Amino acid sequence: TQLLEQSPQFLSIQEGENLTVYCNSSSVFSSLQWYRQEPGEGPVLLVTVVTGGEVKKLKRLTFQFGDARKDSSLHITAAQPGDTGLYLCAGPNSGNTPLVFGKGTRLSVIA
Amino acid sequence: KAGVTQTPRYLIKTRGQQVTLSCSPISGHRSVSWYQQTPGQGLQFLFEYFSETQRNKGNFPGRFSGRQFSNSRSEMNVSTLELGDSALYLCASSLVGHLEQYFGPGTRLTVT
Chain A
1 TQLLEQSPQF LSIQEGENLT VYCNSSSVFS SLQWYRQEPG EGPVLLVTVV TGGEVKKLKR
61 LTFQFGDARK DSSLHITAAQ PGDTGLYLCA GPNSGNTPLV FGKGTRLSVI A
Chain B
1001 KAGVTQTPRY LIKTRGQQVT LSCSPISGHR SVSWYQQTPG QGLQFLFEYF SETQRNKGNF
1061 PGRFSGRQFS NSRSEMNVST LELGDSALYL CASSLVGHLE QYFGPGTRLT VT
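So the protein lines, in turn, are chains A and B.
Mind the numbering: the first sequence is residues 1 to 111 in my numbering, read in order.
Mind the numbering: the second sequence is residues 1001 to 1112 in my numbering, read in order.
Keep in mind the hints are simulated off the structure, nothing from the lab.
The structure presented is a predicted model; accordingly, all values stated were derived computationally and were not measured.
Hints may contain errors.
[Unchecked claim] Heads up, simulated BS3-like pairs for lysine-lysine below, C-alpha to C-alpha not over 27 Å straight-line:
(1) A:Lys70 to A:Lys57
(2) A:Lys70 to A:Lys56
(3) A:Lys57 to B:Lys1057
(4) B:Lys1057 to A:Lys70
[To be verified] Facing chain A, according to a computed beta carbon distance under 8 Å, are these residues of chain B, among others:
(5) Ser1033
(6) Leu1043
(7) Phe1060
(8) Leu1099
(9) Glu1100
(10) Tyr1102
(11) Pro1105
(12) Gly1106
Beta carbons: idealized from backbone N, C-alpha and C, even for Gly.
With the rest of the complex left out, here is chain A:
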């Protein structure tokens, strides 16, 4: 089973600050997805990155897929309290499961 390691586990910042969270693996992934999960809800898909080196922007969120397709990062500019949540990365497993998830980064943005 391919593993995805996310860092940091927890992050607490002030509104307006920038931040980057990471998703790393020793294995190559054909694609990676990022989800955000808010308390009491299921994860919501934010983006899928497919090509090594790819950069995708979603308003203040910038997602990057590493050149070797073993890692990805999510950068948030000028964080807002609405960005608070659990950020999960996921990718297709080479084994028999459709997706493997990292354990997530829990972000808290304080007004």
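Guided by the hints, dock chain B onto chain A, whose structure is given.
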């Protein structure tokens, strides 16, 4: 288009009992997957169904089972509940062959 719905949202059971959780996928989505989410282990894959057949299974004991109906709705069952089964159980639907998962709000199961 309505999202994935799961019932019930909250459930409290006693050790040794069994439980059935229900999931209705997004209209047109024929693939349904189930995940268990706990603070320690994160999201772990349980199983995936489409065309009423289990296509993939995660590393969980046989007490965890599921099924899918002809209308793509799915149920999962956990028998002989243990304290460690307390978790958020998430259902996700997708188009067949697509990796993007659309999750429901989950069922919070507490075993006492």
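Open item on the list: Which constraints among the numbered hints does this structure fail? Numbers only, ascending.
Closed with: Per hint list: 3 and 7 violated.
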